[in-house]
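J.: When we follow the working numbering, the leftmost residue of the sequence shown carries the number 4, and every step to the right adds one.
Treat the hints as calculated values from the structure; they're not laboratory data.
Take the hints with a grain of salt, since some may be wrong.
Below, simulated DSSO-like cross-link-like pairs (lysine-lysine); rule was C-alpha separation at most 30 Å, straight line [stated by the list, open to error]:
hint : residue 1 : residue 2
1    : Lys202    : Lys46
2    : Lys46     : Lys134
3    : Lys186    : Lys198
4    : Lys182    : Lys198
5    : Lys134    : Lys198
6    : Lys202    : Lys186
Now the in silico label distances, taken between C-beta atoms and shown as ranges [as the list claims (entries may be wrong)]:
hint : residue 1 : residue 2 : range
7    : Ser39     : His162    : 29 to 35 Å
8    : His162    : Arg287    : 24 to 30 Å
9    : Trp161    : Arg29     : 39 to 45 Å
10   : Ser281    : Lys202    : 19 to 25 Å
11   : Asp283    : Val172    : 26 to 32 Å
12   : Gly127    : Thr163    : 45 to 51 Å
13   : Asp43     : Glu260    : 19 to 25 Å
14   : Trp161    : Arg187    : 39 to 45 Å
Idealized CB from N, CA, C, for every residue including glycine.
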Amino acid sequence: MDTHLGKDSHLLGTLPTRVKYSPSARAYLSDLLQSSPLPDILKDAGGRLMAYVYWPTRVLPSLNTANGSWRQQRVERRDACVRLGLALLRYVDLASLRVGIPTRDGFRPLTLSYLGYKAGLCPGPTRVSRKVERAWRDLRNAGVVVSSQVRRFIDGEWHTFVALKALRVEFFEALGFSKQRVKRERNTASRRLEKQARKWCQSGTDPRSLSDIARFMLILKGRAFGSSASRHGSVGCAPSPQSPPTGPPQTWSNWNEETRRAYTLKCADLMIQDPTLSPDTVHRTALTWLQSR
4 MDTHLGKDSH LLGTLPTRVK YSPSARAYLS DLLQSSPLPD ILKDAGGRLM AYVYWPTRVL
64 PSLNTANGSW RQQRVERRDA CVRLGLALLR YVDLASLRVG IPTRDGFRPL TLSYLGYKAG
124 LCPGPTRVSR KVERAWRDLR NAGVVVSSQV RRFIDGEWHT FVALKALRVE FFEALGFSKQ
184 RVKRERNTAS RRLEKQARKW CQSGTDPRSL SDIARFMLIL KGRAFGSSAS RHGSVGCAPS
244 PQSPPTGPPQ TWSNWNEETR RAYTLKCADL MIQDPTLSPD TVHRTALTWL QSR
């Protein structure tokens, strides 16, 4: 049987009559992706991922052997992996491939319990079941997703926050998407996100603070203070907006808080006015403005 992965692959597969389990992934494919206003590449990826339920060794062989066994995964386990994968596709930020929701206050990653709840694998949005933990472990071992735990040292203690999760670009390539299409779709998503971020910054009436600018830079994935190669970035790679990319470091260390604040706000204003400016241009223009005050 031809298993070419097209957008309607989920409509072609069938299971042997001896299988008593009925997969629920098709219903979640419609609820999470097909009926949502998402980019076409995410909807197509969901349809192609559905084919894994029926042809695991041909669609994603690394996921089929993620549990350490060369035997074919049980259909219940394949169904759980696909349903969790559909939830990840539903909430992925295509520009950075991080799983979460970009907001005016910054990027908010989603918990595994919430994703499992949306996929029908958890009884509630705050409780993680063994089934979703096993499906997440399989996806991670197969190289479909990556995660990075966020920790901060506050008041002498380490505090743990929601882990940042992201899909790997190789996942889309394994589903049959060309590198050119993935890159084109991500560039389109980046421009759409930058436009939304500018609206958020310009709609505010209160004076912008350093934390507001930091959140704005995080939404833009550190574009103002990072290289063009890391514009899309990986999990948690956005540089801090309090470190100028060039110039003598001792100058920045000798600045007082007012000068640092003025420099950061000026860089943010330049990025809002023209997001196409390079990091060096933004830095030099802000320094020239500081010297002419």
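J.: Now look at each hint and say whether the structure bears it out.
T.: Here is what the structure says about each hint:
no.	hint	verdict
1	Lys202 with Lys46	27 Å, holds
2	Lys46 with Lys134	24 Å, holds
3	Lys186 with Lys198	18 Å, holds
4	Lys182 with Lys198	24 Å, holds
5	Lys134 with Lys198	39 Å, violated
6	Lys202 with Lys186	25 Å, holds
7	Ser39 with His162: 29 to 35 Å	34 Å, holds
8	His162 with Arg287: 24 to 30 Å	38 Å, violated
9	Trp161 with Arg29: 39 to 45 Å	43 Å, holds
10	Ser281 with Lys202: 19 to 25 Å	23 Å, holds
11	Asp283 with Val172: 26 to 32 Å	27 Å, holds
12	Gly127 with Thr163: 45 to 51 Å	21 Å, violated
13	Asp43 with Glu260: 19 to 25 Å	48 Å, violated
14	Trp161 with Arg187: 39 to 45 Å	41 Å, holds
Figure legend: structure checked against the earlier numbered hints; hints not met, in rising order: 5, 8, 12 and 13.
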